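J.: If you want the building blocks of each chain, they are given just below.
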Amino acid sequence: MSIIHTDVGDNLRKIVILGRLDIPGTESIADELEKLAAAPKKGVVVDLSSLKFLASIGIRALFKSARAVKERGGKMVLVVGTNASVLMSLEATGVSEMIPMFRSDAEAERAAVA
Amino acid sequence: MHNGIHTDKQDETLDIAASGDEIRRACEWLATALRQRDVPDRQVERLELALHEVLANVLAHGGSAARAEPIRIRIECRQEAGEARVEVNDAGIPFDPTGAPEHTPAKTLAEARPGGLGLPLIRRCSDWMRYRRDGGRNHFMFGARWPKR
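Heads up: the protein sequence lines correspond to chains A and B, in order.
Taken in order, the first sequence gives residues 1 to 114; the numbers are from our numbering.
Taken in order, the second sequence gives residues 1 to 149; the numbers are from our numbering.
Worth double-checking, as some hints may not be accurate.
[Stated by the list, open to error] Below 27 Å or equal to it, Euclidean Cα-Cα: the simulated DSSO-like pairs (lysine-lysine) are:
no.	chain 1	residue 1	chain 2	residue 2
1	A	K42	A	K75
2	B	K107	A	K75
3	A	K35	A	K70
4	B	K107	A	K35
5	A	K75	A	K64
6	A	K75	A	K35
7	B	K107	A	K42
8	A	K35	A	K64
9	A	K52	A	K35
10	A	K64	B	K107
11	B	K148	A	K70
12	A	K70	A	K42
13	A	K52	A	K75
14	A	K64	A	K42
15	A	K64	A	K52
Note that these hints are calculated values from the structure, not bench results.
All values reported here derive from a predicted model rather than from experimental measurement.
Only chain A is shown next, with the shape it has when bound in the complex (with noise of 0.2 Å):
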């Protein structure tokens, strides 16, 4: 399980999980995406696109680090390639409609900062 991220500017932070967002993996990473997610960045990218699994423990942690950023005044969008097993887990439980996703890298970029 790992979690990376990257500064693109003053705007924008990129942060990528890899690995399995199921139970002991969202624990071993939750107050890191929480302690990213509370930088004073505009817009905040995350990349869910080589994820292996996406449960609903993982899920809330998303939920809590969007109402985060949205709260400061922020954005957070989701990447989620072509990943069709993440798809499916943001769709079943409504992230989509709440957490704006995309395919790319670019067009969530574009969507964090606007």
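Fit chain B to the given chain A structure using the hints.
T.: Relative to chain A, chain B alone:
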């Protein structure tokens, strides 16, 4: 029997304790067992996610009885019928997922609540579900189907 695993040609059983690490072990066991039986990848992914959510519910809401006794997971694979079934058998508080009310998804992030995401995933990842309470244990069965080749 090895590591709590019992096998025969079509069926396989695993006993786990109620913990996050054990749930991961069960999910990985399930995926491996189904792939060995040539279950299509899409159905393996669906059943693996459904199993995770069923077991997470047992861990979160099953109470001390669920944690005191092993949880038994049994898979049945019927290639000729294009179907795989999973049964989760636990000693926790009685809970029938098939009768639980539908979750109404929040419309905004502000309305989103932490709970209630597991059942929609179980429903999405299963083509059917059944429940019975027997011998002081929950028996929850669910399955996925695919077109016969």
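J.: Can you give the numbers of the hints that this structure goes against, from lowest to highest?
T.: 11
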